[in-house]
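Trainee: What follows is the residue order along each chain.
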Amino acid sequence: MPDSFWQWVVFILNEYGGLFLTGLKNTMMIAVLSTVFGFLIGLLVASLRSIKVSRHEGAVKRICAKLLDILLAVYVEVFRGTPMIVQAMVIYYGLFRNVDIGKMTAAVFIVSINTGSYMAEIIRGGILSVDKSQEEGAYSIGMTHSQALRYVILPQAIRNVMPSIGNEFVVNIKDSSVLSVISVFELFFAGKSASGTYLRYFEVNFIIAVIYLIVTYTVTRGMRLIEKRLEGPGVVTITGSQSDSRSVITVRED
Amino acid sequence: MAEEKILELSHISKSFGDSVILKDISFDVEKGGVISIIGSSGSGKSTLLRCINRLEEIDGGEILFRGSPIPVSGKALSRYRAKVVMVFQQFNLFNNMDLLTNCSIGAVKVLGISEADARRTAMENLEKVGMAPFARYRPANISGGQKQRAAIARALTMSPDVLLFDEPTSALDPQMVGEVLSVMKDLADSGLTMIVVTHEMAFARDVSDEVIFMDGGVIEEAGSPHKIFSDPEKERTREFLSRFLNG
Numbered sequence: 005m006p007d008s009f010w011q012w013v014v015f016i017l018n019e020y021g022g023l024f025l026t027g028l029k030n031t032m033m034i035a036v037l038s039t040v041f042g043f044l045i046g047l048l049v050a051s052l053r054s055i056k057v058s059r060h061e062g063a064v065k066r067i068c069a070k071l072l073d074i075l076l077a078v079y080v081e082v083f084r085g086t087p088m089i090v091q092a093m094v095i096y097y098g099l100f101r102n103v104d105i106g107k108m109t110a111a112v113f114i115v116s117i118n119t120g121s122y123m124a125e126i127i128r129g130g131i132l133s134v135d136k137s138q139e140e141g142a143y144s145i146g147m148t149h150s151q152a153l154r155y156v157i158l159p160q161a162i163r164n165v166m167p168s169i170g171n172e173f174v175v176n177i178k179d180s181s182v183l184s185v186i187s188v189f190e191l192f193f194a195g196k197s198a199s200g201t202y203l204r205y206f207e208v209n210f211i212i213a214v215i216y217l218i219v220t221y222t223v224t225r226g227m228r229l230i231e232k233r234l235e236g237p238g239v240v241t242i243t244g245s246q247s248d249s250r251s252v253i254t255v256r257e258d
Numbered sequence: 005m006a007e008e009k010i011l012e013l014s015h016i017s018k019s020f021g022d023s024v025i026l027k028d029i030s031f032d033v034e035k036g037g038v039i040s041i042i043g044s045s046g047s048g049k050s051t052l053l054r055c056i057n058r059l060e061e062i063d064g065g066e067i068l069f070r071g072s073p074i075p076v077s078g079k080a081l082s083r084y085r086a087k088v089v090m091v092f093q094q095f096n097l098f099n100n101m102d103l104l105t106n107c108s109i110g111a112v113k114v115l116g117i118s119e120a121d122a123r124r125t126a127m128e129n130l131e132k133v134g135m136a137p138f139a140r141y142r143p144a145n146i147s148g149g150q151k152q153r154a155a156i157a158r159a160l161t162m163s164p165d166v167l168l169f170d171e172p173t174s175a176l177d178p179q180m181v182g183e184v185l186s187v188m189k190d191l192a193d194s195g196l197t198m199i200v201v202t203h204e205m206a207f208a209r210d211v212s213d214e215v216i217f218m219d220g221g222v223i224e225e226a227g228s229p230h231k232i233f234s235d236p237e238k239e240r241t242r243e244f245l246s247r248f249l250n251g
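First to last, the sequence lines map onto chains C and A. Residue 258, in the numbering used here, is where the first sequence stops; the numbers in between run on with no holes. Residue 251, in the numbering used here, is where the second sequence stops; the numbers in between run on with no holes.
Possibly wrong hints are sitting among the right ones.
Calculated pairs, DSSO-like style, for lysine-lysine (alpha carbon to alpha carbon, straight line, at most 30 Å) [claimed, not checked]:
id, chain 1, residue 1, chain 2, residue 2
1, A, K113, C, K65
2, A, K231, A, K189
3, C, K65, A, K79
4, A, K35, A, K87
5, C, K56, A, K87
6, C, K136, A, K79
7, A, K231, A, K35
8, C, K136, A, K132
9, C, K136, C, K29
10, C, K136, A, K113
11, A, K27, C, K136
12, C, K65, C, K136
13, A, K238, A, K27
14, C, K107, C, K232
15, C, K56, C, K107
16, A, K27, C, K56
17, C, K65, A, K189
18, A, K238, A, K35
19, C, K70, A, K132
20, C, K29, C, K232
21, A, K79, C, K70
22, C, K56, A, K113
23, A, K79, C, K56
24, C, K136, A, K231
These are calculated hints, taken from the structure and not from any lab test.
Work out the full structure: start from the sequences and follow the hints.
Mentor: Here it is, written out as structure tokens:
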């Protein structure tokens with residue numbers, strides 16, 4: 005039997021490395037899919053909530069719009085206002101009580117719907133961050149609200165909130181660990197299984213922590229690169245000066 | 005000239021809360037006519053223009069476009085706005101697209117014109133305002149005067165019946181005012197119907213067919229440029245003009 009901390013670490017890695025990799029694979033699958041679905045849910049919710057129904061529309065349409073808005077607000081508040089660990093229990097043992105949809109599907113469902121509520125608020129903030137002149141410019145040439153959103157406002161809003169969206173992805177990598185309460189075989193659950201046999205909780209969770217850190221650090225760096233890419237190729241061209249409107253200055257950022 | 009009325013405004017009123025912005029505004033816009041609206045800041049000029057593009061709702065009165073009331077919502081409102089297009093003081097170009105796309109996207113998405121045709125028309129209009137060499141630039145990378153010329157090209161690509169200009173040169177450095185005004189003068193000469201809210205008195209005097217002087221939300225005086233600038237009837241008009249013309 006190993007007798008020092010590092011010997012245990014090596015021993016456990018040898019014994020359970022494959023198990024951890026399977027756990028990591030599931031964690032990443034849940035995090036990626038849930039961030040994508042959560043983003044789409046957030047996009048839909050924020051877009052729907054941005055609609056202002058004109059007072060010239062019929063009463064039925066106005067009431068439906070109001071009800072939808074209340075419903076979406078309740079969704080956002082409920083899922084942001086309760087812990088995901090509780091949501092996981094309620095959804096898995098309540099909503100899916102009689103349905104066998106598989107642990108992974110349930111996991112993606114839970115994390116997506118949770119992320120969606122945060123994304124809705126993030127994207128709503130993004131929409132508000134886009135100058136009103138953009139919306140009016142779109143309306144002034146006859147675009148409808150949905151056209152203005154799709155072609156003008158959302159592309160700018162999403163770019164503005166890209167750091168927050170990346171942050172949600174990192175949060176999902178870590179917080180999917182709470183799914184262990186419904187026995188989803190993600191990274192933390194793999195650790196739990198591994199520590200049981202030899203009762204080496206410290207060594208196992210040390211390894212698990214290092215794996216989480218490596219993954220989240222890599223993702224954070226990657227997101228930074230994507231944000232940079234979205235900001236443009238690093239070339240700024242300034243044309244026109246006080247004295248000559250045809251002058252051109254090109255600045256290249258290294 | 006056959007007098008075909010494109011827009012007819014009768015007894016327009018508009019308030020924001022308790023403050024009355026427009027009171028009993030009535031005038032007609034004829035095809036090919038150029039109307040300049042002058043007056044001090046806060047006189048309601050811009051609000052009036054925004055009401056015509058229906059970015060603001062009117063509280064009373066009626067605006068007729070080619071004889072029928074302008075639509076209040078939905079697709080019909082979109083089609084109307086595509087015919088009576090606004091050019092803004094702050095340009096309002098779309099920051100996420102290059103100038104060519106800025107110009108063509110309305111034609112494609114609102115008018116349903118094919119991408120290729122829309123881009124061709126957009127390019128012609130950019131050419132017309134002298135911005136063709138910058139077609140691939142984004143708004144962030146060009147000057148104010150260039151932005152406003154591109155914004156005019158965007159409006160033109162909708163093939164509008166009427167162009168509304170909301171103080172198009174007020175946000176520009178003095179050096180850039182001229183390039184925009186000369187584009188506007190060319191458009192006026194080409195027979196485009198225009199309503200121009202402006203502080204450029206020389207433009208109002210030399211280019212427009214009719215000048216409307218607004219003060220405190222009402223039309224104080226309206227008439228030919230010659231009459232307004234050389235022989236104004238009202239004391240308020242005289243005061244305003246003397247303040248402007250004598251600096």
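Trainee: The structure should be examined with respect to each hint, and the outcome stated for every one.
Mentor: Checked hints:
| no. | hint | in the structure |
| --- | --- | --- |
| 1 | A:K113 to C:K65 | holds (25 Å) |
| 2 | A:K231 to A:K189 | holds (20 Å) |
| 3 | C:K65 to A:K79 | holds (16 Å) |
| 4 | A:K35 to A:K87 | holds (13 Å) |
| 5 | C:K56 to A:K87 | holds (23 Å) |
| 6 | C:K136 to A:K79 | holds (21 Å) |
| 7 | A:K231 to A:K35 | holds (21 Å) |
| 8 | C:K136 to A:K132 | holds (28 Å) |
| 9 | C:K136 to C:K29 | violated (43 Å) |
| 10 | C:K136 to A:K113 | holds (20 Å) |
| 11 | A:K27 to C:K136 | holds (27 Å) |
| 12 | C:K65 to C:K136 | holds (25 Å) |
| 13 | A:K238 to A:K27 | holds (18 Å) |
| 14 | C:K107 to C:K232 | violated (37 Å) |
| 15 | C:K56 to C:K107 | violated (40 Å) |
| 16 | A:K27 to C:K56 | holds (27 Å) |
| 17 | C:K65 to A:K189 | violated (46 Å) |
| 18 | A:K238 to A:K35 | holds (28 Å) |
| 19 | C:K70 to A:K132 | violated (47 Å) |
| 20 | C:K29 to C:K232 | holds (28 Å) |
| 21 | A:K79 to C:K70 | holds (22 Å) |
| 22 | C:K56 to A:K113 | holds (21 Å) |
| 23 | A:K79 to C:K56 | holds (15 Å) |
| 24 | C:K136 to A:K231 | violated (39 Å) |
Checked against the numbered hints listed earlier, the structure breaks hints 9, 14, 15, 17, 19, 24; every other hint is satisfied.
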